[in-house]
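There are 2 protein chains.
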Amino acid sequence: MIYLDDLDRAILKVLKEDARVTISEISERLGKPESTIHFRIKKLIERGVIEKYTIVLGEAARPKEVAFIVLGIEKPVIEEFLGRYLEYVSKNLANLPNVLLVAKTEDERIVALVGAETKKELNEFIEENIKSIPSVREIVVYPIEEFKKGEEIKGLLLGI
Amino acid sequence: MIYLDDLDRAILKVLKEDARVTISEISERLGKPESTIHFRIKKLIERGVIEKYTIVLGEAARPKEVAFIVLGIEKPVIEEFLGRYLEYVSKNLANLPNVLLVAKTEDERIVALVGAETKKELNEFIEENIKSIPSVREIVVYPIEEFKKGEEIKGLLLGI
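Protein sequence lines correspond, in order, to chains A and B. Using the UniProt record's numbering, the first residue of the first sequence is number 1, and each one after it goes up by one. Using the UniProt record's numbering, the first residue of the second sequence is number 1, and each one after it goes up by one.
Take the hints with a grain of salt, since some may be wrong.
Copies of the same chain are indistinguishable here, so a pair counts whether it falls within one copy or spans any two.
[As the list claims (entries may be wrong)] Calculated pairs, DSBU-like style, for lysine-lysine (alpha carbon to alpha carbon, straight line, at most 30 angstroms):
{"id": "1", "residue 1": "Lys119", "residue 2": "Lys16"}
{"id": "2", "residue 1": "Lys32", "residue 2": "Lys13"}
{"id": "3", "residue 1": "Lys120", "residue 2": "Lys42"}
{"id": "4", "residue 1": "Lys149", "residue 2": "Lys16"}
{"id": "5", "residue 1": "Lys43", "residue 2": "Lys64"}
{"id": "6", "residue 1": "Lys119", "residue 2": "Lys13"}
{"id": "7", "residue 1": "Lys119", "residue 2": "Lys91"}
{"id": "8", "residue 1": "Lys120", "residue 2": "Lys131"}
{"id": "9", "residue 1": "Lys52", "residue 2": "Lys119"}
{"id": "10", "residue 1": "Lys43", "residue 2": "Lys32"}
{"id": "11", "residue 1": "Lys120", "residue 2": "Lys64"}
{"id": "12", "residue 1": "Lys13", "residue 2": "Lys91"}
{"id": "13", "residue 1": "Lys149", "residue 2": "Lys120"}
{"id": "14", "residue 1": "Lys75", "residue 2": "Lys91"}
{"id": "15", "residue 1": "Lys32", "residue 2": "Lys91"}
{"id": "16", "residue 1": "Lys91", "residue 2": "Lys131"}
{"id": "17", "residue 1": "Lys64", "residue 2": "Lys42"}
{"id": "18", "residue 1": "Lys75", "residue 2": "Lys149"}
{"id": "19", "residue 1": "Lys119", "residue 2": "Lys64"}
{"id": "20", "residue 1": "Lys75", "residue 2": "Lys64"}
{"id": "21", "residue 1": "Lys120", "residue 2": "Lys13"}
{"id": "22", "residue 1": "Lys32", "residue 2": "Lys120"}
No lab work stands behind these hints, which were simulated from the structure alone. Keep in mind it's a predicted model, so treat the numbers as computed, not measured.
For reference, chain A alone in the conformation it holds in the complex (with noise of 0.2 angstroms):
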């Protein structure tokens, strides 16, 4: 784990609140210099612990229906081409605009959030795209009705 101090910490609190507070701004805030904040956030950078300044979008461009999905694939006759395959299918669903998250699973499964406006849409995604997809053994699918903690994902995910 890289070790972070407690001014790192408290510039990396504000810029996760709002990125576009000013190094002026954050001096005056946390009480420090802002040659010192200049510096920390050049080196935060260089250091790869932040990777980006970006934005996060709001409810009214969000999809209204999310749904996690895991799938998986039945073996085929020659085991060494499981991992060729299963590769050639995440690809192929993270090119989908509705896919917002793929993931291959240490015991070679696929975990994706899917989204769409209705439940009738992402209903028929899953049916034709996800269904469709030859060898899938298994399929399960969790609508989410709600969520808890890191909803904000939908907002960083979406397609533009």
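Got chain A sorted already, so can you dock chain B onto it with the hints?
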């Protein structure tokens, strides 16, 4: 779905890539007057399309190991109690710093994303904080080997 025209989309794309760019830079890049860019961004914020300017933390600060977890709760004797119990469990999970994301599903399960520095730490965390929840009937852990899309959520969700 909210209406966004080509200029709105172009502005959002630029800001998603780097939210530090100035209005005059966007104006130059998109070949539109600064006043137009200024007005459009103001509108995008007012309309709830842009919710937040923020930072995404990089590899150096992200948990090395993450897993999706699906939790099922044993139906209690009194059916009415289940909703409140799920609420309680998901709130408690959301309070744990290793828990990056918590969502309740429509079929009364909980989906969570948890992270830690090592596989050992991750397993211990799950053992101590999740498997120990009373009435957990079913817990499936999907350790993630590789993200194909959306890996940046780790850098957004991370607490500081």
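Evaluated hints:
1. In this homomeric assembly, Lys119 and Lys16 come within 30 angstroms of each other (Cα to Cα) only across copies, at 28 angstroms, whereas the closest approach inside a single copy is 32 angstroms.
2. Taking identical chains as interchangeable, the C-alpha atoms of Lys32 and Lys13 lie at most 30 angstroms apart only when both belong to the same chain, with a minimum of 15 angstroms there against 34 angstroms between chains.
3. Proximity of Lys120 to Lys42 under the C-alpha cut-off of 30 angstroms is found in neither arrangement, the shortest distances being 47 angstroms within a copy and 33 angstroms between copies.
4. In this homomeric assembly, Lys149 and Lys16 come within 30 angstroms of each other (Cα to Cα) both inside a single copy, at 16 angstroms, and across copies, at 22 angstroms.
5. In this homomeric assembly, Lys43 and Lys64 come within 30 angstroms of each other (Cα to Cα) only across copies, at 21 angstroms, whereas the closest approach inside a single copy is 39 angstroms.
6. Proximity of Lys119 and Lys13 under a CA criterion of 30 angstroms is satisfied inter-copy only: 27 angstroms between copies versus 36 angstroms inside one chain copy.
7. Taking CA atoms no more than 30 angstroms apart as the test, Lys119 paired with Lys91 passes in both settings, with 25 angstroms inside one copy and 26 angstroms between copies.
8. Proximity of Lys120 to Lys131 under the C-alpha cut-off of 30 angstroms is restricted to the intra-copy arrangement: shortest distance 15 angstroms within a copy versus 35 angstroms between copies.
9. Taking identical chains as interchangeable, the C-alpha atoms of Lys52 and Lys119 lie at most 30 angstroms apart only when they sit on different chains, with a minimum of 27 angstroms there against 33 angstroms within one chain.
10. Proximity of Lys43 to Lys32 under the C-alpha cut-off of 30 angstroms is restricted to the intra-copy arrangement: shortest distance 16 angstroms within a copy versus 34 angstroms between copies.
11. When the C-alpha separation of Lys120 and Lys64 is checked against a cutoff of 30 angstroms, the pair qualifies only within one copy, where the shortest distance is 11 angstroms, while the shortest distance between copies is 37 angstroms.
12. With identical chains, the CA atoms of Lys13 and Lys91 are at most 30 angstroms apart between copies only, with a shortest distance of 22 angstroms across copies and 34 angstroms within one.
13. Within a single copy, Lys149 and Lys120 get their C-alpha atoms as close as 25 angstroms, and across copies as close as 24 angstroms, so both meet the 30 angstroms cut-off.
14. Proximity of Lys75 to Lys91 under the C-alpha cut-off of 30 angstroms is restricted to the intra-copy arrangement: shortest distance 18 angstroms within a copy versus 38 angstroms between copies.
15. Taking the shortest alpha-carbon separations for Lys32 and Lys91, neither the intra-copy value of 47 angstroms nor the inter-copy value of 36 angstroms comes in at or below 30 angstroms.
16. Taking the shortest Cα distances, Lys91 and Lys131 sit within 30 angstroms of each other inside one copy (16 angstroms), while across copies they are farther apart (33 angstroms).
17. In this homomeric assembly, Lys64 and Lys42 come within 30 angstroms of each other (Cα to Cα) only across copies, at 24 angstroms, whereas the closest approach inside a single copy is 38 angstroms.
18. Taking the closest pair of Cα atoms, Lys75 and Lys149 come within 30 angstroms of each other only across two copies (24 angstroms); inside a single copy the shortest separation is 35 angstroms, beyond that limit.
19. Proximity of Lys119 to Lys64 under the C-alpha cut-off of 30 angstroms is restricted to the intra-copy arrangement: shortest distance 8 angstroms within a copy versus 34 angstroms between copies.
20. In this assembly of identical chains, the alpha carbons of Lys75 and Lys64 lie at most 30 angstroms apart only when taken from different copies (28 angstroms versus 35 angstroms within one copy).
21. When the C-alpha separation of Lys120 and Lys13 is checked against a cutoff of 30 angstroms, the pair qualifies only between copies, where the shortest distance is 29 angstroms, while the shortest distance within a copy is 39 angstroms.
22. Taking the shortest Cα distances, Lys32 and Lys120 never come within 30 angstroms of each other, neither inside one copy (54 angstroms) nor across copies (39 angstroms).
When each numbered hint is compared with the structure, violations occur for hints 3, 15 and 22.
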